[in-house]
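From first to last, the protein sequence lines are chains A and B. The first sequence: position 186 = 658 (the numbering used here), numbered continuously. The second sequence: position 390 = 1217 (the numbering used here), numbered continuously.
Source of the hints: derived by calculation from the structure; they are not laboratory data. This structure is a prediction, so every number in the text was calculated from the model and none was measured. You may find that some hints are simply not true.
So the derived label-pair ranges between C-beta atoms look like this [what the hints assert, rightly or not]:
{"id": "1", "chain 1": "B", "residue 1": "D1242", "chain 2": "A", "residue 2": "L658", "range": "39 to 47 Å"}
{"id": "2", "chain 1": "A", "residue 1": "A771", "chain 2": "B", "residue 2": "R968", "range": "51 to 59 Å"}
{"id": "3", "chain 1": "A", "residue 1": "G629", "chain 2": "B", "residue 2": "K1167", "range": "19 to 27 Å"}
{"id": "4", "chain 1": "B", "residue 1": "K1167", "chain 2": "A", "residue 2": "V790", "range": "31 to 39 Å"}
Some, not all, of what chain B presents toward chain A, calculated at C-beta under 10 Å [unchecked claim]:
{"id": "5", "residue": "L917"}
{"id": "6", "residue": "L919"}
{"id": "7", "residue": "P921"}
{"id": "8", "residue": "E1034"}
{"id": "9", "residue": "C1036"}
{"id": "10", "residue": "Q1037"}
{"id": "11", "residue": "Q1153"}
{"id": "12", "residue": "A1154"}
{"id": "13", "residue": "G1158"}
{"id": "14", "residue": "E1165"}
{"id": "15", "residue": "M1187"}
{"id": "16", "residue": "V1234"}
{"id": "17", "residue": "R1237"}
Taking lysine-lysine pairs in the DSS-like style, the calculated list, with each CA pair at most 30 Å apart, reads [to be verified]:
{"id": "18", "chain 1": "B", "residue 1": "K957", "chain 2": "A", "residue 2": "K696"}
{"id": "19", "chain 1": "A", "residue 1": "K696", "chain 2": "B", "residue 2": "K877"}
{"id": "20", "chain 1": "B", "residue 1": "K877", "chain 2": "B", "residue 2": "K957"}
{"id": "21", "chain 1": "A", "residue 1": "K696", "chain 2": "B", "residue 2": "K1185"}
The C-beta atom is built at its ideal place from N, Cα and C for all residues, glycine as well.
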Amino acid sequence: MSLEQDMDTSAGVDTRAASRFGSEAITIAVIFGLTIVLILGSRFISPAFGGWGQTETILFLSSFLVFCSFGQGLVILVRGLDLSIASMITLGGVLTTTWLAGSNEGLWYVVPAILVVSAAIGSISGFGVTMLRIPPFIMTLAMGIIIYSLCLGYTQGTPRGYPAPALADLMRAHFLGVPAPVILLLVFVAIAVVLQSWTVLGRRLYAVGNNPIAAHVSGLSTNKLTIGAYAISAMCAGFTGIALAAYANGATLRMGDDYLLPSIAAVVVGGSSILGGKGNFLGTVGGAILLTTLGTILAALGIEQGWKTIIEGAVILVALIILRESVYEAIRVWMGRSSTG
Amino acid sequence: MGTGGLLSVNELAKRYGATVALQSLTMDVAPHEVHAILGENGAGKSTLVKILSGVVRANGGTMRLDGIEYIPHSIVDARRAGVSTAFQELSLLPNLTVAENLLLPNVSGGPFKMSRRGETVDAARQVLSKFNVTDIDPRSRVEDLSLAEKQRVEIVRAFSHEPRLLILDEPTAALPDTTWLFDQIRRLTETGVAILYISHRLGEVRELCQRATVLRNGVSTGTVDLEGINDDEIFRMMVGRAPEARFPGRTASIAERPVALEGRNLAAGRLHDVSFTLQQGAILGVAALEGQGQVELFRALAGLDPISGGTILVDGKPTAIASPQQAMAAGISYVPEERKIEGVFSGLSTAANVSLPKIMENSKAGFLTYAQDARAITEPAKAVELAERYFGFRMNDLSGGNQQKAVLARALMSDARCLVMFDPTRGVDVGTKQAIYNMMRAFADKGGAILVYSSELAELVNLCDACLVIYGGRIAAEVPRAELSEEHLLSAAHGHVDDAPLRVAS
């Protein structure tokens, strides 16, 4: 290089170590730690709790939330919000039961078809948000209402049919003593983490969410990337619907309702910024498992639905207050001090 | 301390963190006077306006109004003391009507009293006609007005507070016809009002003002009687030299090189009929006062805004540049004006910030690792002297200078043959400036072409092989290297093209 001048003014002043995303690692550790404490602590409530069996159940139950939270997280990452998730789950479930009608025949193309239909619907939402500049909140809310109404009309009020027996069997199967859905969860999480954190697509989505103007100036197709995030979100919700229908051996029109707000909560509790551009999927996974654990324990305590919801809301708020950036900075400074002095 | 005037300012200073916006300003303004403030971009003019109008507080020095200490805490506070301001970035609320804007904050009788629409409109109409504005309907919403109309509303509002001291910050920037304004100014000064007049247009200043205070790098270099001084002397007072980075030497001659980038009769926004040629290995500078059309030129070349006329030629071939992707495909890389808004991904690592344009090419089938990122950016980071240990830092944790180095490294990352840089050294420290100069020189020496706008004339004079001066959306002058001097550039940037040594562009 032709630059051997002795002008290195930046070096030698700044002695900070590269704190590579320390706060994200702390968030994930704190959330998983809290979850483990909750599960172990539930032994005091009932001796049947707190063991591996209960952990399996919780992982199993939380897998549905994890699936749809991944898509929600990507949409939030690019500064959006997906309120159509509940309807998309319902759509996935309804299509699974009506198209398969209790038979294994056609399973190999029905499942991909449902995912493609879901992605196409998500692309329409993304198109509305980017090209037509409709606020994400309104666009996905409207899309959710339209899809729900289509499901209502298509099933005439009562979804009929059953998922393929193979799907239902899969949900009950065990491999090496581990329930198949738990394995499915682990595989899904592995793929999602790689996609979000270790691929070009993921990096570009972070860039768009972090600074859409700079992303545009840098030559990224911000619109295409945003549409992609909505498509993936809808696809994840459709997948959740298939899994739920297989688990429940049927579909209902309200089957997605319990997942919309928790999917947002899981993302935010998991350390992502609701304003976009920041977050890690492992945190979201932790958030989803934490919320599911809490729900399970509260249900086991026999707490009334009203109080249960109040406590869940309060826990989400407390988690958000604790898991702030400033708190991590304080922890980091404190740890740095104690290690040097 | 002199108390003869209406306003007396003594050693006024303002710092924003480490940045000194105003170092020491001393002046006084008398009643009946129209007093001009002159200075280059960034000399401290707008800071002075902000302090006087109560938007920001000074860190040092004193201000006295009629002998009484004057420390405004807010715009309303300043108004109460008799100082009102017509701001350059208009301070009107676009979604309200002209009437509501004029009467704010006194639209209603109190927080719980309903405003009477009719009364508001009548009162506003009276205000407008008092200052001889009859063609603006007080009921129309501000966002529906033309820029010139908005500017007049802004000015009328400042008039209407019946100030003792009136501050007009670039009041003619959007006014095609200045007769109305000058008539009003003369009428007001007859009643004893003092006016602080900030303008880049020396002709206007000479027509209107009696005295001028010249600012240079945040220091007032003196107050002059405009009668007894010529333009050259004023320019000399405005041009200053702070302790500066060393400029790298230039290559002997670039005359015979092929043309890398050419604009023919370009038009975009207020830009008209702009033609230029940029040769390989050359650094072509652009000098202009704020808002003369340079932003449009650079954004058009970067593919951010479309051109409305003319042709862009890359390597002699007409090339459509309608998006940043197309600009990059044509080998043009843009260094944006607003680092924070258009350049930096504050939440991503430095490595991710720099590697972005080429991540697909540098990935393994779409998969990334930190090591790959770091390897890919080694070369461009070295070119801008960005230390390797910052690669893993989040961009937010870097200093402004290092952020700018990362943005420049990203521009180099895309293998561009042509850099289009808008004020690349704005707000960075001397060390970073040096690194940027070295990088530009090295890029040109390897055959790259650079088009650079800078608000620091010294940079243009010392770095460039030639310099375009844009004034009012047109190329006012094209100054060859042998004739580059700050005085020339500044005088041409003010629209003075009659000075002998300047070659007027055809």
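_Hint Q1153 of chain B vs chain A: min CB-CB distance below 10 Å?_
holds (9 Å)
*Tell me if E1034 of chain B is really an interface residue toward chain A, meaning its C-beta lies closer than 10 Å to one of theirs.*
Nearest chain A Cβ about 41 Å off; hint violated.
_Hint status (Cβ of A1154 of chain B to nearest Cβ of chain A, threshold 10 Å)_ = holds (8 Å)
*Would the stated hint for G1158 of chain B survive a check requiring a Cβ distance to chain A of less than 10 Å?*
violated (12 Å)
*Measuring from the C-beta of C1036 of chain B to each C-beta in chain A, is the shortest one below 10 Å?*
C1036 of chain B check fails; min Cβ-Cβ to chain A is 40 Å, beyond 10 Å.
*At a threshold of 10 Å, is the proposed contact between R1237 of chain B and chain A supported by beta-carbon distances?*
holds (7 Å)
*Do the beta carbons of G629 of chain A and K1167 of chain B sit within 19 to 27 Å of each other?*
The hint (19 to 27 Å, Cβ to Cβ) is violated, given that G629 of chain A and K1167 of chain B are roughly 54 Å apart.
_Interface hint compliance - E1165 of chain B to chain A, C-beta minimum distance less than 10 Å_ = holds (9 Å)
*Does the structure keep K957 of chain B and K696 of chain A at a Cα separation of 30 Å or less?*
violated (55 Å)
*asked:* Run the distance test for K696 of chain A versus K877 of chain B: straight-line Cα separation, threshold 30 Å.
replied: violated (42 Å)
*Restraint satisfaction for V1234 of chain B [CB to CB of chain A, less than 10 Å]*: holds (9 Å)
*asked:* Next item in the hint list is Q1037 of chain B. Is there a CB on chain A closer than 10 Å to its CB?
replied: This hint is violated: Q1037 of chain B lies away from chain A, its Cβ roughly 45 Å from the closest one there, beyond 10 Å.
The structure does not agree with the numbered hints 3, 5, 6, 7, 8, 9, 10, 13, 18 and 19 stated previously, though it agrees with the rest.
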